[in-house]
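On the provided structure of chain V, position chain X as indicated by the hints.
Protein chains in written order, with my numbering: chain V, 22 to 590; chain X, 22 to 590.
Honestly, the hints are just simulated from the structure, not real lab data. Hints may be right or wrong, so weigh each one.
One copy or two, it doesn't matter: identical chains are merged, so the pair holds either way.
[As the list claims (entries may be wrong)] Straight-line Cα separation of at most 20 Å, EDC-like style, residue types lysine to aspartate or glutamate; simulated pairs:
(1) LYS26 / ASP38
(2) LYS575 / ASP392
(3) LYS333 / GLU249
(4) LYS333 / GLU142
(5) LYS26 / ASP71
(6) LYS575 / ASP351
(7) LYS26 / GLU200
(8) LYS26 / ASP198
Number of protein chains: 2
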Amino acid sequence: MDFEKIITAARGETPVDLLLTNARIVNVFSGRVANGSIAVKDGYIVGFGDYEAAEKLDVKGRCVAPGFIDSHVHIESSMTCVSEFARTVAPCGTTTVVADPHEIANVLGAAGIDYMLRSAENQPMDCLFALPSCVPATDMETAGARLNAADLAPFMDHPRIVALAEMMNYPGVIFTDAEVMAKLALARGHRRTMDGHAPGLSGRRLFAYTAAGIASDHECTRADEALEKLELGMHIMVREGTCARNLDALFPIISEDTWQRMMWCTDDRHPHDLLAEGHVDAVIRKAVAKGLNPLTAIRMGTINPADYFGIKDAGAIAPGRRANLVIFSDPGDIRAEMVFYMGKPVAENGRLLPGVQRPAPVAVPPSMRLDPHSLDFSIPVKGRRIRVIRAIADQVITRCEIMDVTEKDGMAVADVAKDVIKMCVVDRYTGRAHTGMGFVTGLGLKRGAIASSVAHDSHNIIAAGVSDAGLQAAVAAVVEMGGGLAAVDDGTVLASLPLPVAGLMSDQPVETVRQQMDGVIAAAKALGAVLSDPFMTLGFLALPVIPDLKLTDKGLVDVTRFEIVSLFV
Amino acid sequence: MDFEKIITAARGETPVDLLLTNARIVNVFSGRVANGSIAVKDGYIVGFGDYEAAEKLDVKGRCVAPGFIDSHVHIESSMTCVSEFARTVAPCGTTTVVADPHEIANVLGAAGIDYMLRSAENQPMDCLFALPSCVPATDMETAGARLNAADLAPFMDHPRIVALAEMMNYPGVIFTDAEVMAKLALARGHRRTMDGHAPGLSGRRLFAYTAAGIASDHECTRADEALEKLELGMHIMVREGTCARNLDALFPIISEDTWQRMMWCTDDRHPHDLLAEGHVDAVIRKAVAKGLNPLTAIRMGTINPADYFGIKDAGAIAPGRRANLVIFSDPGDIRAEMVFYMGKPVAENGRLLPGVQRPAPVAVPPSMRLDPHSLDFSIPVKGRRIRVIRAIADQVITRCEIMDVTEKDGMAVADVAKDVIKMCVVDRYTGRAHTGMGFVTGLGLKRGAIASSVAHDSHNIIAAGVSDAGLQAAVAAVVEMGGGLAAVDDGTVLASLPLPVAGLMSDQPVETVRQQMDGVIAAAKALGAVLSDPFMTLGFLALPVIPDLKLTDKGLVDVTRFEIVSLFV
Numbered sequence: 022m023d024f025e026k027i028i029t030a031a032r033g034e035t036p037v038d039l040l041l042t043n044a045r046i047v048n049v050f051s052g053r054v055a056n057g058s059i060a061v062k063d064g065y066i067v068g069f070g071d072y073e074a075a076e077k078l079d080v081k082g083r084c085v086a087p088g089f090i091d092s093h094v095h096i097e098s099s100m101t102c103v104s105e106f107a108r109t110v111a112p113c114g115t116t117t118v119v120a121d122p123h124e125i126a127n128v129l130g131a132a133g134i135d136y137m138l139r140s141a142e143n144q145p146m147d148c149l150f151a152l153p154s155c156v157p158a159t160d161m162e163t164a165g166a167r168l169n170a171a172d173l174a175p176f177m178d179h180p181r182i183v184a185l186a187e188m189m190n191y192p193g194v195i196f197t198d199a200e201v202m203a204k205l206a207l208a209r210g211h212r213r214t215m216d217g218h219a220p221g222l223s224g225r226r227l228f229a230y231t232a233a234g235i236a237s238d239h240e241c242t243r244a245d246e247a248l249e250k251l252e253l254g255m256h257i258m259v260r261e262g263t264c265a266r267n268l269d270a271l272f273p274i275i276s277e278d279t280w281q282r283m284m285w286c287t288d289d290r291h292p293h294d295l296l297a298e299g300h301v302d303a304v305i306r307k308a309v310a311k312g313l314n315p316l317t318a319i320r321m322g323t324i325n326p327a328d329y330f331g332i333k334d335a336g337a338i339a340p341g342r343r344a345n346l347v348i349f350s351d352p353g354d355i356r357a358e359m360v361f362y363m364g365k366p367v368a369e370n371g372r373l374l375p376g377v378q379r380p381a382p383v384a385v386p387p388s389m390r391l392d393p394h395s396l397d398f399s400i401p402v403k404g405r406r407i408r409v410i411r412a413i414a415d416q417v418i419t420r421c422e423i424m425d426v427t428e429k430d431g432m433a434v435a436d437v438a439k440d441v442i443k444m445c446v447v448d449r450y451t452g453r454a455h456t457g458m459g460f461v462t463g464l465g466l467k468r469g470a471i472a473s474s475v476a477h478d479s480h481n482i483i484a485a486g487v488s489d490a491g492l493q494a495a496v497a498a499v500v501e502m503g504g505g506l507a508a509v510d511d512g513t514v515l516a517s518l519p520l521p522v523a524g525l526m527s528d529q530p531v532e533t534v535r536q537q538m539d540g541v542i543a544a545a546k547a548l549g550a551v552l553s554d555p556f557m558t559l560g561f562l563a564l565p566v567i568p569d570l571k572l573t574d575k576g577l578v579d580v581t582r583f584e585i586v587s588l589f590v
Numbered sequence: 022m023d024f025e026k027i028i029t030a031a032r033g034e035t036p037v038d039l040l041l042t043n044a045r046i047v048n049v050f051s052g053r054v055a056n057g058s059i060a061v062k063d064g065y066i067v068g069f070g071d072y073e074a075a076e077k078l079d080v081k082g083r084c085v086a087p088g089f090i091d092s093h094v095h096i097e098s099s100m101t102c103v104s105e106f107a108r109t110v111a112p113c114g115t116t117t118v119v120a121d122p123h124e125i126a127n128v129l130g131a132a133g134i135d136y137m138l139r140s141a142e143n144q145p146m147d148c149l150f151a152l153p154s155c156v157p158a159t160d161m162e163t164a165g166a167r168l169n170a171a172d173l174a175p176f177m178d179h180p181r182i183v184a185l186a187e188m189m190n191y192p193g194v195i196f197t198d199a200e201v202m203a204k205l206a207l208a209r210g211h212r213r214t215m216d217g218h219a220p221g222l223s224g225r226r227l228f229a230y231t232a233a234g235i236a237s238d239h240e241c242t243r244a245d246e247a248l249e250k251l252e253l254g255m256h257i258m259v260r261e262g263t264c265a266r267n268l269d270a271l272f273p274i275i276s277e278d279t280w281q282r283m284m285w286c287t288d289d290r291h292p293h294d295l296l297a298e299g300h301v302d303a304v305i306r307k308a309v310a311k312g313l314n315p316l317t318a319i320r321m322g323t324i325n326p327a328d329y330f331g332i333k334d335a336g337a338i339a340p341g342r343r344a345n346l347v348i349f350s351d352p353g354d355i356r357a358e359m360v361f362y363m364g365k366p367v368a369e370n371g372r373l374l375p376g377v378q379r380p381a382p383v384a385v386p387p388s389m390r391l392d393p394h395s396l397d398f399s400i401p402v403k404g405r406r407i408r409v410i411r412a413i414a415d416q417v418i419t420r421c422e423i424m425d426v427t428e429k430d431g432m433a434v435a436d437v438a439k440d441v442i443k444m445c446v447v448d449r450y451t452g453r454a455h456t457g458m459g460f461v462t463g464l465g466l467k468r469g470a471i472a473s474s475v476a477h478d479s480h481n482i483i484a485a486g487v488s489d490a491g492l493q494a495a496v497a498a499v500v501e502m503g504g505g506l507a508a509v510d511d512g513t514v515l516a517s518l519p520l521p522v523a524g525l526m527s528d529q530p531v532e533t534v535r536q537q538m539d540g541v542i543a544a545a546k547a548l549g550a551v552l553s554d555p556f557m558t559l560g561f562l563a564l565p566v567i568p569d570l571k572l573t574d575k576g577l578v579d580v581t582r583f584e585i586v587s588l589f590v
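Chain V extracted, bound-state conformation:
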């Protein structure tokens, strides 16, 4: 920002670039709306009123609000790269996101963060980041990377880094793990905000967590939980993601006394929701539909996150702030009719303007170090009974069931009649293809196999299938795409969604991703899968921090006991 140029223009000494006239200007500082004109120079707001301008745009009495800010989002969940994500959410009125590149950091470590930072350049919105605090999530699996405080330190002063991201390792905080303490001290020393993640934490354990200086939580699912956290000083990020939707539950505590310390976030939104519902705008619409003052809803999506993160040049229509603007007609149903980023129109009526350039792609390091054809998925029988993962529809938790093994030629095999399907998780990082084997019930597969490189949190390759050959073919299909989702039958790939960016993200437009996603889900259902999104369920079967029984490349994990257990009881 060239302060001299901006200040000189504010004074009226030099003409401004753009004057938006006849606007109903939303003031997030006072909660008032004023009629007037907004003057923009070099991408920044410089003043109000009648400035000499190179260009004037009559907005015809419509409302102009600051661009929306998503206070916590994993871009990877959109399954699109930064460029395509930005092109998807900018038309929704989102002009700033604070993204936590947790998933790609688990795959690629510092190189993944670096890739995201470089990808954020020249987008039609500001992509800021919080530094992933918990990579890897556990030591119960082979991770793509380990990020200690020393690894995070070089990023701390990067202008796009505004926070330490959600500290999911709350036991590490509460029991003062040295490495966790070092990360918090690092953020504190750089005057960066520390985001929290403490679902259900309460009482003394929550006191301990907040005493460390962790300042937000986006995991509240109950009003009393959110109020307890807010009263301990945490800023509450009200999440409306694809799976986790908390606005209904938390709405009762949004009051004139609390809204100042609350804001919106989407956390994880899948392609379908981004296209069908929108982004932060959808959360604001929902809140307003539930009866929240539109001004308050806007403030919670603009100045509140800006203040919370110390983003001084966004979140308001005021001199010295970026001219990131959303124009809409109806405060009761806010839909972005025009979106300005840095003083330039980037979208109209939900569509990106054709003139908005897509930056050249940033090279992404490879993340598939394995030969899928050398894998052995056989399981010699070592007992009569086995631990089986029970998948539960639309849940990330599982249950552990003890079942009789089905044996063939001395090997434990899938048993379609009992809905017991074979599973594998294959390490994609070391080149040694460590493989954990198990069985799952509840998926419903009757034929073939499905596989994915989106397998939280380490994102090894996870697959489920009725035969070893099917597993082999599905894993091979994923590896050959450089990552992605695939459904195979009889050695034929029925459908696939390539995710060449770290095995997590596509480089295609979100519409394409959605179509490909629909394709693989349909194919999985054709193979017998019974869940609404079998790949999402599959992707969480490897997450060893959510109970009860999970599978990693190191084997079955009893999450309650937090240890590896044998397949055979």
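What follows is chain X alone, placed relative to chain V:
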């Protein structure tokens, strides 16, 4: 702060030091009051409820609020050093101040800031600082120091420095003076807040000022002025000082939509007011008496300034924050019955507890480089008419009057009959004793002389008297004290207030300062002075940034034209 110790205590693993039981706990995050206990360890709040504690204190159902924060204060205006100031305001419930050591910086430069930082150690409250941004105020006088951005830089990362102090040089901002821009860039680069000072600034000039990122103003005297500034993103510090009192004027704009961005400050409070009225508590009481919700008034004096300055360990009763607490009975008339600083009681019922140690004094550099006996105050007549400063009661502005000179032996002299008194301002810094001479009307002196080393902003020695010998004796009295205020008659010092700390502050208790102040004022009145506080009026006659006519050691300054003018017209 030993996080490990605090977190472990929060968990309940180790006993806490103190448990305040039976408390009505003011929650500044939600605006609610809850009954409960507050657990304190190592000076920090660790949790609520029934902790095992080394000591329990039943507060018998009284309210417990966070200690109050003064968001902008010049300690020098109390005329006491940091130790005595702290001992004065802590019993009022003030546990944090953000002080701008502007006056001592004008006298001693970086050494003055360093002195204040060192004096702040081991006090019964947290003395934080904003770095003076405008030293010297002008080049129309000989200053004790010049602080450029490069001089401020070494202080920026000091843990007690939270902001760049009030940027009074608003023309410098608006016209992008290079040195001013450098100071703002310095603060921005260190993620420090930038305080403003822009009385009456409005419209485009205010847009320009705020575009630079200046984030607060404590100079609003009208509601519309404050609302304009607030709507541009400035945080409004509502000032209640000794002279400038703005709460009545600004009260109408404090609403549920705006209080979040407003806070209290005292700016300049003299000894008498500190003793008679109090400090931040007095502002809170006044606001509540005017009808403000006590919870809102407390929030504006606690969490709001803490959030604004990024002071993460104060301003609330929450785990990880300093156990700075105010106990009171009546929310409608908040008077600190007990004050805790870092978990220790420091005051009860308006009195400092005897056990509170006064830290050893910090050596202060000398600031009186002149020999008062070599001065020559004679003014050879060079014309018939002269410019005379008209002092105005209780105002810092003056007027310029053109009057006939009174001549004696070829010299211009005082004329008591016409109330035209001789004045001098003597440079106390260079050793060369540059002296500016002039005349003042409105003071009313009939005999003797008065002198002071408190002469804004450069604090040279200012004196007014009926004879050269009187001026000489008065200046000599000030110099011999190492600075201070004096009234003399016939070569006898009638009364004096020694200010050995930079000629600005006493090392005595504020009660002593008030008595000495009463003494010098009484003596000045005995000499004929007609103003309520002749020394305060005198002290502003040298301030060359407030119209119309002022006197510095360089001569008479026409402030409207911003240039030195001759005495004789």
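At most 20 Å between C-alpha atoms: does LYS333 with GLU142 qualify within a copy, between copies, both, or neither? For LYS333 and GLU142, only the intra-copy Cα distance (19 Å) is at most 20 Å; the inter-copy one is 32 Å.
Cα distance capped at 20 Å. Does LYS26 pair with ASP198 within a copy, between copies, both, or neither? between (49 Å within a copy, 13 Å between copies)
Up to 20 Å CA-CA - ASP392 versus LYS575, copy category: Cα proximity of LYS575 and ASP392: one copy only (18 Å, versus 85 Å across).
Classify it for me, LYS26 with ASP71: is the Cα-Cα distance of at most 20 Å met within a copy, between copies, both or neither? Within one copy, since 18 Å is at most 20 Å while 59 Å is not.
20 Å Cα threshold - placement of ASP38 relative to LYS26: within (12 Å within a copy, 56 Å between copies)
Can you give me the call for LYS575 and ASP351, within, between, both or neither, at a CA distance of at most 20 Å? neither (54 Å within a copy, 63 Å between copies)
Are the CA atoms of LYS26 and GLU200 at most 20 Å apart within a copy, between copies, both, or neither? Cα proximity of LYS26 and GLU200: across copies only (16 Å, versus 45 Å in one copy).
Between copies, within a copy, both or neither: which fits LYS333 and GLU249 at Cα up to 20 Å? between (29 Å within a copy, 19 Å between copies)
Checked against the numbered hints above, the structure violates only hint 6.
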